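Protein chains: 2
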Amino acid sequence: MKKIFLIVLDGLGDRPNDELKGRTALQAAYRPNMNRLTREGQGGMMHPVSPGYRTGSDTSHLSLLGYDPEKFYTGRGPFEAMGLGMTVLGGDVAFRANFSTVDQDGVVLDRRAGRITEGTDKLAQSLSFSVDGVEFFVKAGVEHRGALVMRGKGLSDLITDSDPHEAGQKVHEVKALDEKAKFTAEVLNKYLSIARKRLREHEVNLQREKEGKAPANELLIRGAGQAPSLTPFHELFGMKAASISGIPMITGICRLVGMESINVEGATGRLDSNFRAKFEAAYKTLEKFDFLIMNIKATDVAGHDGDPVAKRDAIQRIDAAMKDIDHILGDTVICITGDHSTPCTMMDHSGDPLPILFNTHGIRKDNAVLFDEISCTKGTYHINSGDVMKILLQLSDRAEKYGA
Amino acid sequence: MKKIFLIVLDGLGDRPNDELKGRTALQAAYRPNMNRLTREGQGGMMHPVSPGYRTGSDTSHLSLLGYDPEKFYTGRGPFEAMGLGMTVLGGDVAFRANFSTVDQDGVVLDRRAGRITEGTDKLAQSLSFSVDGVEFFVKAGVEHRGALVMRGKGLSDLITDSDPHEAGQKVHEVKALDEKAKFTAEVLNKYLSIARKRLREHEVNLQREKEGKAPANELLIRGAGQAPSLTPFHELFGMKAASISGIPMITGICRLVGMESINVEGATGRLDSNFRAKFEAAYKTLEKFDFLIMNIKATDVAGHDGDPVAKRDAIQRIDAAMKDIDHILGDTVICITGDHSTPCTMMDHSGDPLPILFNTHGIRKDNAVLFDEISCTKGTYHINSGDVMKILLQLSDRAEKYGA
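So the sequence lines, in the order shown, correspond to chains A and B. For the first sequence, this note's numbering begins at 1 and goes up steadily by one. For the second sequence, this note's numbering begins at 1 and goes up steadily by one.
Since the hints were made in silico from the structure, they are not lab data. Note that this is a predicted model, so its numbers are computed, not measured. Hints should not be assumed to be uniformly reliable.
Pairs count within a copy or across copies, as identical chains cannot be separated in the list.
Claimed, not checked - Below are the SDA-like pairs computed for lysine to any residue, each with C-alpha atoms no more than 25 Å apart in a straight line:
hint, residue 1, residue 2
1, K390, R15
2, K365, G330
3, K2, L393
4, K2, L236
5, K378, P32
6, K401, P51
With the hints as extra help, turn the sequences into a complete structure.
As structure tokens, then:
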């Protein structure tokens, strides 16, 4: 049995760019290592989830790891919370949250508390406490944004928002949408009432009022989602698994399925990330683990920025950083792909399919010779992201026989 | 967001023809416009419904439009009725019908009333009336054939045929197959009894009897099917949609999902159709609509005729008619494919996959360079017809993001 190294270049897929003479960032990049791995191995095209789906990184990573998002994706709440670096466990109920301003009668004056930029960390700290055996965790994000996580027994996400979704309306009481959610709604309303009091008396808000600024005196919550209780990855696939990622949401998903997350010094999740350090850490990690997923975010960042030159350059630096990757091919199956396309011309995710390559000693070589969106259509595979784990298992001699 | 123009060349796919030196009709056709759209865009192969399915035009058009026929196809009744140009609404129950001859005891003498060719229009007119709040509509087709549509509240298709399916047997009473269908069976039997009387007394039949011909004195019905209540296309996809088609069944399906049908002078659904007029009408329609599906039937007609030269020539004339199609590529996604293959050597539908092309400004270009059954295998897509709408939505920047 071999080990598996799944490299996810976030938002890898592209469309033709005028700045690159009509080529995609990947086609334009000097990428001798990715090309060699393709030429001497197998290529193909992969649709995130299925053809035409325009996926987020959350749904597409779940799918890549073998967890069908149609079954397990429970809305943005838990994944936004993971994105802020919060721990989210199966069964937790999580919400997107706004620090907002309300008047004395609870009428929302500003859903964004004057787009508050400072002090929300401190406010969030004061909002992490327990009520009736349920733990509440709040973390601040960019500006007025944040997330709330509830952890305890018998929770449900079948509850309404406290957020009225527009100014001029009163903050809503949270209501249960079925009998089983009554406890969750009750304890949450109790929590919000205590939270309200704490926010009003908080030094950050007293100071803001002194300065004539809108106080962040209400935490509006919306989009309740219960984190799925997923069969741990090592149980599902019989592999000791780890993740390397510079972005909290991906780390969060990998933790949710029980993977160990490996911290790499200099891995920032940005264009300036230390790719070399990530690959070094990956090789070391593979000595101790059977499976490693490594996400590199830089390609997606450049795509969102609409900067094809930066995307091309990121790919070149990633390629250079994997120059000695062949030394693990003897006992490892390497797979390189993305989670979705982020075309620079679109500055957002698209539903275009992605190139994928597989390599290991002894693998069939096919007609895909370059690693890009065009050459890989000549390869062996025309698959959906949900097929990848099964292919990796069989290439690594780990697949159980179906039948006799 | 871009508009979408889906061109369906009916029965497009072919197999090698001796008359064309072993080429398919598409390979043999001079088709510079289809080839350019392929070369400068994306190609692929599409299976109607899924690999190996040998579909009708009804099931394949439902699938192409994003309505899974496995869920929504309710048998031939409603689609045959649409094929005769009858209006069929969701909830209507429709039947295939035969004008037939019975004796005084109701024993079927001839299921086809001597293959009656004249007067069935008049007979049908006399059979369109209401009973107990249920409207009945009959339309005559070719020879003894026709269709019956029932419209009213609380109808069900869980009923038996009145057609005994062979001569020498008595006309069956219609029976309910479950409790909920009792009303339908009752009102239908009442209707058939009145219809019987009207047919016997009808001048057309009195005349036939004078001439010693078999009277068409019984309407035998079979294959009850309830038209599915489909979510309107504009609700499902958020697009104002229209159809151009020379064949009533396709128009009927498009109407069933709430599309507007555009009439084009000279569009006959035959080999002599005015393709140029259809494309002109299409460009005008696209100024007012977000989505247009245009069916061209000529290719299928030639396939059924087993005439590869006529099929090739039809493709050549269709290609010539789209010579200035590129002017809409800036704000429109164009897709050309078929609904199924109708190989001339088979003179019927086959389950062979079909070429498909996508083009719009900014799209990836792939290795498919010619629009035919062989070159398009080098393209990006290896899909089923049910994937087409999702791909069109994402290429036109209309796809909602799944996840974050």
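Taking the earlier hints as the rules, which of them does this structure contradict? Nothing - there is no hint that the structure violates, so all of them hold.
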